[in-house]
Amino acid sequence: MKHLDEYRDPALARKLLAEIAAVTTRPWVIMEICGGHTHAIIRHGIDLLLPRQLELVHGPGCPVCVTPVALIDQALALARRPEVIFTSFGDMLRVPGSRESLARIRARGGDIRTVYSPLEAVNLAVQNPAQEVVFFAVGFETTAPGNALAVQQAARLGLTNFSLLVSHVLVPPAIGALLAAPDNRIQAFLAPGHVCTVEGLQDYEAMAAAHQVPMVPAGFEPVDILAAILLLVRQLEEGRAQVENEYRRSVRPEGNPAARLAVEQVFQVCHRTWRGLGEIPASGLRLRPEFAAFDAQCKFALEETGEMESPQCISGAILRGESKPPQCPAFGKECTPEHPLGATMVSSEGACAAYRHANRQ
Amino acid sequence: MCLAVPGKVVEIFEENGLKMGHIDYAGAISRACLEYVPEIRLGDYTVVHAGFALSILDEEEAAKSFAAWRELQAAAAREGVDLFGRPLADADADADEQE
Ligand code: SF4
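Just so you know, the sequences run in chain order A and B. Going by this note's numbering, the first sequence opens with residue 1, and the numbers climb by one from there. Going by this note's numbering, the second sequence opens with residue 1, and the numbers climb by one from there.
Source of the hints: derived by calculation from the structure; they are not laboratory data. It cannot be assumed that every hint is accurate.
[As the list claims (entries may be wrong)] One-sided excerpt, in silico: chain B residues whose CB lies under 8 Å from chain A:
1) Ala28
2) Ile29
3) Ile40
4) His49
5) Ser65
[What the hints assert, rightly or not] Computed Cβ-Cβ distance ranges for the label pairs, DEER-style:
6) A:Ala107 to B:Tyr25: 44 to 52 Å
7) A:Pro337 to B:Phe13: 54 to 62 Å
8) A:Arg43 to B:Glu39: 30 to 38 Å
9) B:Ala63 to A:Leu48: 44 to 52 Å
10) A:Ala258 to B:Phe13: 52 to 60 Å
11) A:Glu338 to B:Arg78: 33 to 41 Å
12) B:Asp24 to A:Pro253: 41 to 49 Å
13) A:Ala103 to B:Glu60: 22 to 30 Å
14) A:Pro182 to B:Asp24: 48 to 56 Å
15) A:Pro326 to B:Phe13: 43 to 51 Å
16) A:Pro10 to B:Gly17: 15 to 23 Å
In this text, a Cβ means the ideal position worked out from N, Cα and C, and glycines have one as well.
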């Protein structure tokens with residue numbers, strides 16, 4: 001794309017780095033909440049190039065990482081049923097539940113299929129009327145519109161063999177919870193570019209004002225991230241706390257109204273437990289009662305299971321920005337992308353996996 | 001799940017009553033649902049998540065923010081320094097070294 005290569009221009013990136021260094025006079029802690037940003041920052045080594053006084057901490061913005069073990073266990077219970085075709089995005093397959101993973105059940109012959117879109121799962125339900133197709137609906141504000149449309153489409157087609165196991169989470173309440181934590185160190189947020197593309201800026205403006213914390217939605221190219229960090233540091237140094245939109249080419253202040261409307265029609269806000277963070281009020285989405293027929297939890301009367309995470313895993317502290325992956329004693333030893341102990345190693349966007357892929361210690 | 005580079009819309013069609021498209025990522029073609037970007041046209045760039053196009057990238061805005069950063073660079077250059085405040089000759093030499 002014209003104007004895309006430019007966002008990867010090393011000369012401009014160096015200039016931005018220089019300007020960041022010039023305006024930074026004190027230590028600041030900035031959280032990138034989105035796993036996509038974490039991935040880009042580590043891949044390009046941006047955190048290593050910044051002035052020492054600036055600390056980037058990684059946030060909980062990876063849906064695979066924050067899906068609680070109890071929900072993975074429910075997915076496993078569904079996937080074991082002979083009448084079920086269980087569908088999911090590929091990155092959920094290796095996430096460990098309390099005893100095993102979807103990948104293991106598939107290896108034993110379970111009918112688990114990876115899809116790239118929930119509409120593929122709807123098509124599978126059309127093609128397999130004698131079976132139940134369940135789609136594992138995880139993700140933030142970015143995947144909710146697609147899942148909402150899949151439900152509307154299934155309703156339009158009159159399907160009775162399609163349902164969602166819903167584990168949707170919302171970013172702004174999580175930001176609020178992180179800022180309200182007594183030992184919070186985060187002073188500014190690199191806001192999630194694609195979440196804001198859907199949701200718009202309203203919630204972020206309210207949050208910036210209420211907590212006096214600058215927020216800058218950013219794109220995912222190196223120049224985007226550096227430009228956003230520069231905007232944040234300038235605000236911090238000047239004592240301002242506003243939303244400045246670095247990612248104007250995708251984020252409009254009102255977000256994507258059609259996507260927001262579909263989400264509102266199909267889902268309602270609920271409390272959610274986040275892996276590593278615990279329950280955060282009003283931080284999730286569940287299907288509205290009128291769509292209960294498409295809710296796998298109701299349809300299959302799934303029970304809450306106990307939750308067991310590896311005692312070695314410190315991914316909770318990593319998701320709260322308190323620790324970095326190399327501080328975990330299991331990092332790169334007992335725990336690798338091939339044999340993950342915790343969710344932050346399972347997903348390629350998880351902080352542990354990002355460090356590991358970049359060979360960072 | 002949430003990593004996304006923009007792709008170019010190379011085909012638009014209808015399937016089961018939904019507006020769909022083929023999206024080109026530097027030669028790799030994939031499908032996406034276009035219901036949330038109803039005004040999208042062939043040749044537009046879009047950000048796709050989990051099979052759904054979520055926005056049409058605005059070339060003008062892309063050029064504008066890029067121009068703003070370039071301007072920052074130029075303003076410093078007019079004073080004969082790079083953004084470190086070092087004389088430009090040094091900075092250029094430094095830049096060549098790192099290229
Ligand atoms: S390295 Fe593995 S065990 Fe350690 S925090 Fe990361 S995911 Fe958990």
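We went through each hint and held it up to the structure:
1. Using the Cβ-Cβ criterion of 8 Å, the hint placing B:Ala28 at the interface with chain A is not satisfied: the shortest such distance is roughly 12 Å.
2. Violation of the interface hint for B:Ile29 is found here, the shortest Cβ-Cβ separation to chain A being roughly 13 Å, above the 8 Å cut-off.
3. About 12 Å separates the beta-carbon of B:Ile40 from the nearest beta-carbon of chain A, more than 8 Å, and the hint is not met.
4. The closest approach between the C-beta of B:His49 and any C-beta of chain A is roughly 4 Å, which is under the 8 Å cut-off, so the hint is satisfied.
5. Given the 8 Å rule on beta carbons, the hint for B:Ser65 holds: about 6 Å separates it from the nearest Cβ of chain A.
6. Between A:Ala107 and B:Tyr25 the C-beta distance comes to about 31 Å, which lies outside the given range of 44 to 52 Å.
7. At about 38 Å, the CB distance of A:Pro337 to B:Phe13 disagrees with the hint of 54 to 62 Å.
8. Between A:Arg43 and B:Glu39 the CB atoms are about 33 Å apart, so this pair conforms to the stated range of 30 to 38 Å.
9. The hinted window of 44 to 52 Å between B:Ala63 and A:Leu48 is violated, with their beta carbons roughly 30 Å apart.
10. Checked against the hint of 52 to 60 Å, the C-beta distance between A:Ala258 and B:Phe13 comes to roughly 19 Å, which is inconsistent with it.
11. In this structure the hint that A:Glu338 and B:Arg78 lie 33 to 41 Å apart at CB is violated, the actual value being about 54 Å.
12. Taking 41 to 49 Å as the suggested C-beta distance range, the pair B:Asp24 and A:Pro253 does not conform, at roughly 29 Å.
13. A hinted range of 22 to 30 Å for the beta carbons of A:Ala103 and B:Glu60 is inconsistent with their spacing of about 45 Å.
14. Taken as a hint, the range 48 to 56 Å holds for the pair A:Pro182 and B:Asp24, whose Cβ atoms sit roughly 50 Å apart.
15. A C-beta distance of roughly 48 Å is found between A:Pro326 and B:Phe13, which places it inside the suggested range of 43 to 51 Å.
16. For A:Pro10 paired with B:Gly17, a C-beta distance near 46 Å fails the hint of 15 to 23 Å.
Violated hints for the displayed structure, listed by number in ascending order: 1, 2, 3, 6, 7, 9, 10, 11, 12, 13 and 16.
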